[in-house]
Amino acid sequence: MAEKTKEYWRWKEYNWHDENADPKDAETITAGVDVGSVSSQAVVMLDGKLFAFSNMRTGSNSPDSARNAMNWALEGTGLTMDDLHYTVGTGYGRVNVPFADRAITEIACHARGGNTMYGSTVRTILDMGGQDCKAIRCDERGKVTNFLMNDKCAAGTGRGMEVFADLLSVPIEEVGDLSLDIDEEPPPVSSTCVVFAKSEASSLLREGWSKKRVLAAYCSAMAHRVVTLLERVGVEKDFAITGGIAKNSGVITRLEKELNLKALKSNYDTQIAGALGAALFGKALVEKQRKKSAV
Amino acid sequence: MFTQFFNWYENRHDYARDWLAKNGGEVMGCFCSYAPEELIYAAGLLPVRMLGAHEPQDVTEPHLFGMFCPFCRDVLAQGLKGRYDYMKGIMISQSCLHLRQSYASWRNHVPNSFSYYLPMPAKVQTEHSRPYLKGEFEKFKKALEEWTRKTITDEALRESAELHNENRRLLHEVYDLRKGPNPKVTGLEAMVLVASSFMVDKRDHNAEIKRILPELQSRTLDGETGSRLMIIGSENDDTAFVKMVESVGATIVTDDHCTGSRYFWNLTEFNGDLMQSIANRYIDRPPCPSKDWEKRTRFPHILQMARDFKVDGAIVIQQKFCDPHECDMPVLIKYLKENDIPCLFLEFDVTVPLGPMRIRVEAFLEILGEEDLF
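Chains as they are written, first to last, in our numbering: chain A, 1 to 295; chain B, 1001 to 1374.
No lab work stands behind these hints, which were simulated from the structure alone. Mixed in with the good hints there might be a few duds.
[Unchecked claim] Here are the simulated SDA-like pairs of lysine to any residue, each with C-alpha atoms no more than 25 Å apart in a straight line: (1) Lys-237(A) x Gly-1249(B); (2) Lys-292(A) x Phe-1374(B); (3) Lys-12(A) x Pro-171(A); (4) Lys-143(A) x Asp-1312(B); (5) Lys-292(A) x Leu-1368(B); (6) Lys-1337(B) x Val-235(A); (7) Lys-143(A) x Gly-1226(B); (8) Lys-143(A) x Phe-1006(B); (9) Lys-288(A) x Gly-1369(B); (10) Lys-265(A) x Pro-171(A); (11) Lys-1243(B) x Lys-12(A); (12) Lys-1139(B) x Lys-1184(B); (13) Lys-265(A) x Leu-178(A); (14) Lys-237(A) x Arg-1169(B); (15) Lys-292(A) x Phe-1006(B); (16) Lys-143(A) x Gly-1249(B); (17) Lys-237(A) x Gly-1226(B); (18) Lys-237(A) x Ile-1333(B); (19) Lys-1320(B) x Glu-27(A); (20) Lys-143(A) x Lys-1123(B); (21) Lys-211(A) x Glu-184(A); (22) Lys-1022(B) x Phe-1006(B); (23) Lys-1184(B) x Glu-1010(B); (24) Lys-1337(B) x Val-233(A); (25) Lys-1243(B) x Pro-98(A); (26) Lys-1320(B) x Gly-234(A); (27) Lys-292(A) x Glu-1010(B); (28) Lys-1334(B) x Pro-98(A); (29) Lys-292(A) x Gly-1223(B); (30) Lys-1320(B) x Leu-229(A); (31) Lys-1334(B) x Glu-140(A); (32) Lys-1320(B) x Gln-131(A).
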């Protein structure tokens, strides 16, 4: 019998909630659901404070992915979807979140979420997501002032990194650190297309390159690619990175070096930035609604 | 209300065939909005500007360089696929190399009995361009007369010029109805209205505009106007894109496209010599960027239009590899931003992926409005 194939691309799916907070004390309970191309997150906030979230892989069906993420975030909190005062959907599946009160783009949500995660001094946010990459400029409130997205192809995004983890049989969460454990920085892989880059990596392995060296070459190519995007939109301090790739030290270290700028650090999971921003917009919207009906 | 224009636009080939059956004569395919349609029409021909079909195709690869624009590709594909098999004559008024290559390939590989290259000057800003273009128009007129074996009388030419002017005036009247707080025409309708004018006998087109105008004046569109947008760029008849934009909280209230306002914006002013008057109109029209040197006249024209139509922002589209526009865009976007018109830049191809475009448009609209989120 064939041995079960290990899925190296799998990143940690998990949920969390704040054991010390009591939702009963909250005046406003809002939620944000970010249905991305690769991962989905749901965030629940009590009066604008992070209370619970989940982070999981997106399935083939957006409404189901949204529901699953939301239910998982609510698990064990004593709350149900009926307790949510306002829910905002975001991400590429944003219009397919059946229980959302409103859909807002992930560009606006990442800027707003980034503003809370990294502080109001952030002016440039790089969202490195599953299948696209966005360079966002924002003001002190986290309102978008300009943005640029990668077009043409998905090189330089999370899905590409997953493909590489699989090819080299390296767990995705170890890719970054391994790619930095080298004596000398190799030249980046020359192709930006994930599929072509994979062929190129295969031939490098055949030439005798170590896995670490191939990973370094790929992380470096990815970093270079997003720097081009950032430079087009213009990088202003402070600078922060959201999305799954923000967890990859191999890409981030090289990116910082090329930009000659350090990205801010945060205690939040960088993957929840979009859902967090969505929940914060939900709070602003529900409060305005209440004010209106009070008049 | 715009059903007839949509019918014409969607069934352009049926219209042309019917026209031929009814009127005799020939259909003359034009490659650029600089084609002097009044001359062609005066010769008893139906001038038709060829536009693309926005479908993936694989027939133009041997004819055009890889870095030529999607529009010239899409247009040539229509010829090579035989979609214009009823068309015997083609002509180009020189504007750019990409489209000229489409013309040359069409001439050599699609059956035709008349083809004409009209060297429309690039430097319209020199006074020499006026007598030069008049002379070229005279030569073109002669070529048309030889092909049709009919003389174009001054009377026929004047009548045709006036008919075309009337179309321009009527299109202006419709555009004016988009200036108010509640535009009476959607961007999609305006796009199809102007594009259909390229394909239809101006008598039919004028009559239909006149028919709907009274009703149009008192029309109220369903739904909110949302953000008022201007759309700027080269050729654009991507109706799917415009429809998407207008479905996410915006109305396109005006444009600077050669398939839009640039086509009809200025009228022929009849001063003395008829052919000179007609030529002057093409010299003086809002230019394609390939003809806007050294003085940049497009920028103040676009800004004035943005102000007249009270736009909140502009979508600047670029047909991939369109060099004249690509060269303009960084400066144009900077200029508009300096004048408080936010811009979104998008790159177009033969087909446009609506999902990725949609998020960019929505995020742009969120920048323009959505103060309620904070």
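Status of each hint after checking the structure:
A C-alpha spacing of about 32 Å is found between Lys-237(A) and Gly-1249(B), which places the hinted pair above 25 Å, so the restraint is violated. For the given pair, Lys-292(A) sits about 15 Å from Phe-1374(B) by alpha-carbon distance, which is consistent with the 25 Å threshold. Distance restraint check for Lys-12(A) and Pro-171(A): the Cα-Cα separation of roughly 11 Å lies within the 25 Å cut-off, and the hinted pair is therefore satisfied. Restraint check for Lys-143(A) and Asp-1312(B): satisfied, since their Cα atoms lie roughly 17 Å apart, inside the 25 Å limit.
Distance restraint check for Lys-292(A) and Leu-1368(B): the Cα-Cα separation of roughly 23 Å lies within the 25 Å cut-off, and the hinted pair is therefore satisfied. For a cut-off of 25 Å, the pair hint linking Lys-1337(B) to Val-235(A) stands: about 18 Å separates their Cα positions. Restraint check for Lys-143(A) and Gly-1226(B): the C-alpha separation of about 19 Å stays at or below 25 Å, so the hint holds. The straight-line distance between the Cα atoms of Lys-143(A) and Phe-1006(B) is roughly 40 Å, outside the 25 Å bound, and the hint therefore fails.
Of the pairs offered as hints, the one joining Lys-288(A) and Gly-1369(B) holds, with about 16 Å between alpha carbons and a cut-off of 25 Å not exceeded. Between the alpha carbons of Lys-265(A) and Pro-171(A) the distance comes to roughly 23 Å, so the proposed pair stays at or under 25 Å and holds. Distance restraint check for Lys-1243(B) and Lys-12(A): the Cα-Cα separation of roughly 41 Å exceeds the 25 Å cut-off, and the hinted pair is therefore not satisfied. A threshold of 25 Å between alpha carbons decides the hint, and for Lys-1139(B) with Lys-1184(B) the separation of about 43 Å lies outside it, so the pair is violated.
Between Lys-265(A) and Leu-178(A) the alpha-carbon distance is near 21 Å, which keeps this suggested pair within the 25 Å criterion. A threshold of 25 Å between alpha carbons decides the hint, and for Lys-237(A) with Arg-1169(B) the separation of about 52 Å lies outside it, so the pair is violated. For a cut-off of 25 Å, the pair hint linking Lys-292(A) to Phe-1006(B) is broken: about 43 Å separates their Cα positions. For a cut-off of 25 Å, the pair hint linking Lys-143(A) to Gly-1249(B) stands: about 19 Å separates their Cα positions.
A hinted pair counts as satisfied when its Cα atoms are at most 25 Å apart, and Lys-237(A) with Gly-1226(B) does not qualify at roughly 33 Å. For the suggested pair Lys-237(A) and Ile-1333(B), the alpha carbons sit about 24 Å apart, so the restraint of at most 25 Å is met. For a cut-off of 25 Å, the pair hint linking Lys-1320(B) to Glu-27(A) is broken: about 52 Å separates their Cα positions. Note on Lys-143(A) and Lys-1123(B): the hinted pairing is violated, with a Cα-Cα distance of about 45 Å set against a maximum of 25 Å.
At roughly 14 Å between alpha-carbon atoms, Lys-211(A) and Glu-184(A) fall within 25 Å of each other, so this suggested pair holds. For the hint pairing Lys-1022(B) with Phe-1006(B), the CA-to-CA distance comes to about 21 Å; that is within 25 Å, so the pair holds. For the hint linking Lys-1184(B) to Glu-1010(B), the alpha-carbon distance of about 22 Å falls within 25 Å, and the restraint holds. Of the supplied pair hints, the one linking Lys-1337(B) and Val-233(A) holds, its CA atoms being roughly 14 Å apart against a limit of 25 Å.
Distance check on the hinted pair: Lys-1243(B) and Pro-98(A) sit about 24 Å apart at the alpha-carbon level, within 25 Å; holds. For the proposed pair Lys-1320(B) and Gly-234(A), the alpha carbon gap of about 23 Å is at most 25 Å, so the pair holds. For a cut-off of 25 Å, the pair hint linking Lys-292(A) to Glu-1010(B) is broken: about 47 Å separates their Cα positions. At most 25 Å may separate the alpha-carbon atoms for a hinted pair to count; Lys-1334(B) and Pro-98(A) exceed this at roughly 40 Å.
Between Lys-292(A) and Gly-1223(B) the CA atoms are separated by roughly 22 Å; this keeps the pair inside 25 Å, and the hint holds. For the given pair, Lys-1320(B) sits about 18 Å from Leu-229(A) by alpha-carbon distance, which is consistent with the 25 Å threshold. Straight-line distance between C-alpha atoms of Lys-1334(B) and Glu-140(A) comes to about 23 Å, which keeps the hinted pair within the 25 Å bound. Taking the CA atoms of Lys-1320(B) and Gln-131(A), the gap is about 22 Å. The hint holds against a cut of 25 Å.
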